[in-house]
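K.L.:
What follows is the residue order along each chain.
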Amino acid sequence: GAGVSQSPSNKVTEKGKDVELRCDPISGHTALYWYRQSLGQGLEFLIYFQGNSAPDKSGLPSDRFSAERTGGSVSTLTIQRTQQEDSAVYLCASSALPSTGGYTFGSGTRLTVV
Amino acid sequence: GENVEQHPSTLSVQEGDSAVIKCTYSDSASNYFPWYKQELGKGPQLIIDIRSNVGEKKDQRIAVTLNKTAKHFSLHITETQPEDSAVYFCAANLNSGYSTLTFGKGTMLLVSP
Numbered sequence: 001g002a003g004v005s006q007s008p009s010n011k012v013t014e015k016g017k018d019v020e021l022r023c024d025p026i027s028g029h030t031a032l033y034w035y036r037q038s039l040g041q042g043l044e045f046l047i048y049f050q051g052n053s054a055p056d057k058s059g060l061p062s063d064r065f066s067a068e069r070t071g072g073s074v075s076t077l078t079i080q081r082t083q084q085e086d087s088a089v090y091l092c093a094s095s096a097l098p099s100t101g102g103y104t105f106g107s108g109t110r111l112t113v114v
Numbered sequence: 001g002e003n004v005e006q007h008p009s010t011l012s013v014q015e016g017d018s019a020v021i022k023c024t025y026s027d028s029a030s031n032y033f034p035w036y037k038q039e040l041g042k043g044p045q046l047i048i049d050i051r052s053n054v055g056e057k058k059d060q061r062i063a064v065t066l067n068k069t070a071k072h073f074s075l076h077i078t079e080t081q082p083e084d085s086a087v088y089f090c091a092a093n094l095n096s097g098y099s100t101l102t103f104g105k106g107t108m109l110l111v112s113p
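Residue numbers (the numbering used here), protein chains in the order written: chain F, 1 to 114; chain X, 1 to 113.
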């Protein structure tokens, strides 16, 4: 597609439920990143994919968080047993090759845990 | 790992004035420094970037300067307009050859007509 697409745009879930967030990167972009943005805060790195593998997942805050990427394209971020502190905007970005430059971000998924 | 500090956190200017946002980084191996603009309800958008082999880059009303020795870089916006109002983020790559970016905490720029 023309840009990075994320779905859903908004998600409200009850504490303790599992959620899945989807990212569809720009076609041909091999690198994919997930970041988290809490209210009024900067962007917190979660995980980086190169193709289908994740050479850096050091930012995942706990074992409740996991992510996968299939076919070198779509990625899913899963949060199990959601907690209120998981409430944030989850941003996905992609780039053509590692180290070549800037990311293209999606518009994000706003997750609210009630 | 890399640490990026950004100042100020908020900046208010009158239309037509210049705005300057400053960032410092910790990893001397970092070699790529982009700036992003985020409007309300949208994802960050790349507006300009600079690599460590140059000291300054301009694109119309925006410019970025880099001082590798001091490990700081700055965004300069001239002749500001109300549509420049947004949150601006600086970033630096983790280390040379690795693409993960570390971001500053952002600067909210408000341009008053």
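Each hint should be verified, as a subset may be incorrect.
As the list claims (entries may be wrong) - As a list, the in silico DSSO-like pairs of lysine-lysine whose alpha-carbon atoms are at most 30 Å apart:
{"no.": "1", "chain 1": "F", "residue 1": "Lys17", "chain 2": "X", "residue 2": "Lys71"}
{"no.": "2", "chain 1": "X", "residue 1": "Lys58", "chain 2": "X", "residue 2": "Lys71"}
{"no.": "3", "chain 1": "F", "residue 1": "Lys57", "chain 2": "X", "residue 2": "Lys37"}
{"no.": "4", "chain 1": "F", "residue 1": "Lys57", "chain 2": "X", "residue 2": "Lys68"}
{"no.": "5", "chain 1": "F", "residue 1": "Lys11", "chain 2": "X", "residue 2": "Lys42"}
{"no.": "6", "chain 1": "F", "residue 1": "Lys15", "chain 2": "X", "residue 2": "Lys71"}
{"no.": "7", "chain 1": "X", "residue 1": "Lys58", "chain 2": "X", "residue 2": "Lys37"}
{"no.": "8", "chain 1": "X", "residue 1": "Lys58", "chain 2": "F", "residue 2": "Lys57"}
Claimed, not checked - Part of the chain F face toward chain X, derived, beta carbon under 10 Å:
{"no.": "9", "residue": "Val4"}
{"no.": "10", "residue": "Pro8"}
{"no.": "11", "residue": "Gly42"}
{"no.": "12", "residue": "Leu43"}
{"no.": "13", "residue": "Gly59"}
{"no.": "14", "residue": "Ser62"}
{"no.": "15", "residue": "Phe65"}
{"no.": "16", "residue": "Gly102"}
{"no.": "17", "residue": "Tyr103"}
Treat the hints as calculated values from the structure; they're not laboratory data.
Note that the Cβ used here is the ideal one computed from N, Cα and C, for glycine as well.
K.L.:
Hints first: check each against the structure and report whether it holds.
P.N.:
Comparing the hints with the structure gives:
1. F:Lys17 to X:Lys71: Not OK: lysine 17 (chain F) and lysine 71 (chain X) at ~44 Å, beyond 30 Å, violated.
2. X:Lys58 to X:Lys71: It holds: about 19 Å lies between the C-alpha atoms, which stays within 30 Å.
3. F:Lys57 to X:Lys37: holds (26 Å)
4. F:Lys57 to X:Lys68: holds (29 Å)
5. F:Lys11 to X:Lys42: Distance of about 16 Å is within 30 Å: holds.
6. F:Lys15 to X:Lys71: violated (43 Å)
7. X:Lys58 to X:Lys37: holds (16 Å)
8. X:Lys58 to F:Lys57: violated (35 Å)
9. Val4: holds (7 Å)
10. Pro8: violated (14 Å)
11. Gly42: holds (4 Å)
12. Leu43: Holds, because the Cβ-Cβ distance from leucine 43 (chain F) to chain X comes to roughly 4 Å (cut-off 10 Å).
13. Gly59: holds (9 Å)
14. Ser62: violated (19 Å)
15. Phe65: violated (17 Å)
16. Gly102: Holds: closest Cβ of chain X sits about 4 Å from glycine 102 (chain F), inside 10 Å.
17. Tyr103: Where the cut-off is 10 Å and the nearest Cβ of chain X is about 7 Å from tyrosine 103 (chain F), the hint holds.
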